[in-house]
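Number of protein chains: 2
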Amino acid sequence: MQLEAYLEERGRFIDGELVRLLPLGGAYPPEIRQAIHFAVFSGGKRLRPILMLATAEAIVGELPDGAVEAACAVECIHNYSLIHDDLPCMDDDELRRGRPTVWKKFGEAVAVLAGDALLTVAFQILALGATREIELSDRLLLCSQELAVASGTFGMVGGQAADIANEGKDIDVSVLDFIHKHKTGALIRCACRMGAILARADDGQLMVATRYGENLGMAFQIADDLLNVTGDEAKLGKSVGSDRQRGKNTFPKIHGVEKSRERAAQHADSAVDEAKRLSRPEVLIELARFVVERDY
Amino acid sequence: MQLEAYLEERGRFIDGELVRLLPLGGAYPPEIRQAIHFAVFSGGKRLRPILMLATAEAIVGELPDGAVEAACAVECIHNYSLIHDDLPCMDDDELRRGRPTVWKKFGEAVAVLAGDALLTVAFQILALGATREIELSDRLLLCSQELAVASGTFGMVGGQAADIANEGKDIDVSVLDFIHKHKTGALIRCACRMGAILARADDGQLMVATRYGENLGMAFQIADDLLNVTGDEAKLGKSVGSDRQRGKNTFPKIHGVEKSRERAAQHADSAVDEAKRLSRPEVLIELARFVVERDY
Numbered sequence: 001m002q003l004e005a006y007l008e009e010r011g012r013f014i015d016g017e018l019v020r021l022l023p024l025g026g027a028y029p030p031e032i033r034q035a036i037h038f039a040v041f042s043g044g045k046r047l048r049p050i051l052m053l054a055t056a057e058a059i060v061g062e063l064p065d066g067a068v069e070a071a072c073a074v075e076c077i078h079n080y081s082l083i084h085d086d087l088p089c090m091d092d093d094e095l096r097r098g099r100p101t102v103w104k105k106f107g108e109a110v111a112v113l114a115g116d117a118l119l120t121v122a123f124q125i126l127a128l129g130a131t132r133e134i135e136l137s138d139r140l141l142l143c144s145q146e147l148a149v150a151s152g153t154f155g156m157v158g159g160q161a162a163d164i165a166n167e168g169k170d171i172d173v174s175v176l177d178f179i180h181k182h183k184t185g186a187l188i189r190c191a192c193r194m195g196a197i198l199a200r201a202d203d204g205q206l207m208v209a210t211r212y213g214e215n216l217g218m219a220f221q222i223a224d225d226l227l228n229v230t231g232d233e234a235k236l237g238k239s240v241g242s243d244r245q246r247g248k249n250t251f252p253k254i255h256g257v258e259k260s261r262e263r264a265a266q267h268a269d270s271a272v273d274e275a276k277r278l279s280r281p282e283v284l285i286e287l288a289r290f291v292v293e294r295d296y
Numbered sequence: 001m002q003l004e005a006y007l008e009e010r011g012r013f014i015d016g017e018l019v020r021l022l023p024l025g026g027a028y029p030p031e032i033r034q035a036i037h038f039a040v041f042s043g044g045k046r047l048r049p050i051l052m053l054a055t056a057e058a059i060v061g062e063l064p065d066g067a068v069e070a071a072c073a074v075e076c077i078h079n080y081s082l083i084h085d086d087l088p089c090m091d092d093d094e095l096r097r098g099r100p101t102v103w104k105k106f107g108e109a110v111a112v113l114a115g116d117a118l119l120t121v122a123f124q125i126l127a128l129g130a131t132r133e134i135e136l137s138d139r140l141l142l143c144s145q146e147l148a149v150a151s152g153t154f155g156m157v158g159g160q161a162a163d164i165a166n167e168g169k170d171i172d173v174s175v176l177d178f179i180h181k182h183k184t185g186a187l188i189r190c191a192c193r194m195g196a197i198l199a200r201a202d203d204g205q206l207m208v209a210t211r212y213g214e215n216l217g218m219a220f221q222i223a224d225d226l227l228n229v230t231g232d233e234a235k236l237g238k239s240v241g242s243d244r245q246r247g248k249n250t251f252p253k254i255h256g257v258e259k260s261r262e263r264a265a266q267h268a269d270s271a272v273d274e275a276k277r278l279s280r281p282e283v284l285i286e287l288a289r290f291v292v293e294r295d296y
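Residue numbers (this note's numbering), protein chains in the order written: chain A, 1 to 296; chain B, 1 to 296.
The shape of chain A in the complex, shown without the other chains (with noise of 0.2 Å):
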């Protein structure tokens, strides 16, 4: 298979569903609307509700109902996180993609609000198959919650406060890999357990989705701190070297740039196995290697 093709296919289509669901017309006042259309259309990866609908179809073989909502919200989520770390109060970023950060656009109160309606929306979306049939509700129900965790405290949150707490100490490991886990890894193994859990999954191809999920998810980790180190500004759309100025613990920083891709070769590795006791791990398993190997 293509996977470049096959990724901007689904990154067109998740776009496409986006721009259906969320909530861009008629919401007071129009900064707020601009600011959303303006952070969540500025060409990201789509990387996460991807990899749910490739989850959930290596599964069951198709896109399960619920599926697609499921996959605008995690994609909500993540575009919500990356505003409010943005924020002169955060990483303090001006840049982002290539542009103005949403701040640094449309003001710090406009940016507070749009990753607080991103945040909130992301329920809306996923509880857009209320009614429909009482079955899907209950998955539905399963999957806001995973969600929440994963956007909480004890996942997305809780690794963004510990990163900030921790700029420009020297750091061991253990915390290091506590960040890594909560602040990136937690939304992206939520992204495939809740294909599973759309998909029906039994708790073995759950397990399997999870540490899929988890192993992929340190693999992009680990690869991102590395192009931040040696990548192409051009391609990233953002300053090579800026975690170093900065003083953020970054997995090159501690291990060096060698050990630090050998750790996501493995991890890619790992995803490959598990995705491999699924009955059609195709895409999972080129998604894998294409996390490691990408450039951008």
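Check the hints yourself; a few may be wrong.
Have a look at the derived ranges for each label pair, beta carbon to beta carbon [what the hints assert, rightly or not]:
| # | chain 1 | residue 1 | chain 2 | residue 2 | range |
| --- | --- | --- | --- | --- | --- |
| 1 | B | D177 | A | G107 | 20 to 30 Å |
| 2 | A | G16 | B | D295 | 15 to 25 Å |
| 3 | A | V229 | B | Y296 | 53 to 63 Å |
| 4 | B | D92 | A | E282 | 31 to 41 Å |
The hints are simulated quantities; they were obtained by calculation from the structure and are not laboratory data. Cβ atoms here follow ideal geometry from the backbone N, Cα and C, with glycine treated the same way.
Using the hints provided, position chain B relative to the given structure of chain A.
Just chain B now, kept in the frame of chain A:
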């Protein structure tokens, strides 16, 4: 009945349930946990969860399954909104309920993250009933959607955005009406609707709960604006006259104190009329009167 004693008893009940349901142990780093605890347990009236439980009881005579979780979820949303509203880039408040605001005590980054965490955990708590009983899942998913809509751009976030955008400007009555209905009204209306949904209200009862909530929300907000003009600082725990000082658009500013009192009383009366259509209206009636007669 003794409303004061009822409010106190219900307030303590909600506090206990929040202690049980909020993830206050274990989440790392501790600052977020402390900030959430500091914000949530600061002597709030618990009006929204009390209204939700009372609406459910007015329909079905007891606390239905899921109602306690839903009540705590609404209170989490309310508290997240206070934390973010107080931020320097928003209302820039340093005092709330006689204590420093969360950003003032814990810093802006922790305040943004603690608000995000509380917003997220609301949906986590609401989904606790997943897999318990399949028809409950359907009602909880509906509640999840109600809560998201009331909190996002079509509700609270939209209202706060409009309020911020119009601070210091002369606005007409329709904009003030929009701000009130969305910033405060939407979540109060939502609390009543969620109570009705969990009580398995029929369409007629749901409409009554909705109109009760809308009128009570307007009465509450006008009374709040009035207290900021004529209230007692010691009882309120905040500065009287602060709205006027910063050019906030309030009901008394546009209509004057006398007309504001009339309008608040009219809305409370309308809420009472609605409550009387339910089979056990007593508590809802007293709550409507309390909202306009309170001095705190």
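*Violated hints, by number in ascending order, as checked against the structure*: Result: hints 2, 4 break, sorted rising.
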